[in-house]
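Q: Sequence:
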Amino acid sequence: MTRYAVSPDATCAVVEDGAVVLHMRTKRYYSLNETGATIWRLLEEDLPIEDIASQLVLLYDVERATANSAVARLLDELLAESLVSTNIA
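Quick note, the sequence shown lines up with residues 1 to 89 if you use the working numbering.
If you are wondering where the hints come from, they were derived from the structure by calculation, not from laboratory data.
Don't be surprised by glycine CBs; every beta carbon is placed ideally from N, CA and C.
Be aware that one or more of the hints could be misleading.
Unchecked claim - For lysine to aspartate or glutamate, the following EDC-like pairs were computed, each having C-alpha atoms within a straight-line distance of at most 20 Å: (1) K27 to E63; (2) K27 to D61; (3) K27 to E50.
Claimed, not checked - Per label pair, the in silico range of CB-to-CB distance: (4) L79 to E45: 31 to 39 Å; (5) S69 to S31: 14 to 22 Å; (6) T26 to V62: 18 to 26 Å; (7) P8 to D61: 30 to 38 Å; (8) Y60 to A13: 30 to 38 Å.
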C-alpha cells in the first residue's frame, strides 16, 4: 500500500477558504481550496489515500469516484512540487 508523507520542507497555514502551503527550500507557495486543505490535513495525520477519499465522501457528500479523483489529482500536483513523497508500506 502506498502512503504519502508531507515533506519536512513544507509548512501549511489554514486560511478562511482553504490553506496556503510554503515550500521552505524553494520559497514557493501554493494555494489550496477547502477540499485541498482537508486532504493536506489528512495527509499530515498519515492516513492512507483510501481513508482520505473515504473522509471526503463523508465530509462533502460526494461519490467515491469523485473523491478518489480529487485525492489522486492533488497528490500528483503535490508530488510534482516536492511537497509530499511516497512511502510504500
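Q: Could you grab the alpha-carbon distance between K27 and D61 and see if it respects the 20 Å cut-off?
A: violated (35 Å)
Q: For T26 and V62, compare the CB-CB distance with the range 18 to 26 Å and indicate the outcome.
A: Given about 32 Å between the Cβ atoms, the range is violated.
Q: Taking 30 to 38 Å as the stated bounds, is the beta-carbon spacing between Y60 and A13 within them?
A: This hint is violated: roughly 22 Å between Cβ atoms.
Q: So does S69 sit 14 to 22 Å from S31, Cβ to Cβ?
A: Distance hint for S69, S31 holds at roughly 20 Å.
Q: Just tell me: holds or violated, for the beta carbon distance of L79 and E45 against 31 to 39 Å?
A: violated (18 Å)
Q: Is it true that P8 and D61 lie within 30 to 38 Å of each other by Cβ?
A: Check passed, 34 Å falls within 30 to 38 Å.
Q: Between the alpha carbons of K27 and E63, is the straight-line distance 20 Å or under?
A: violated (36 Å)
Q: What's the verdict on K27 and E50, does the C-alpha distance respect the 20 Å limit or exceed it?
A: violated (31 Å)
Hint violations for this structure: numbers 1, 2, 3, 4, 6 and 8, all remaining hints satisfied.
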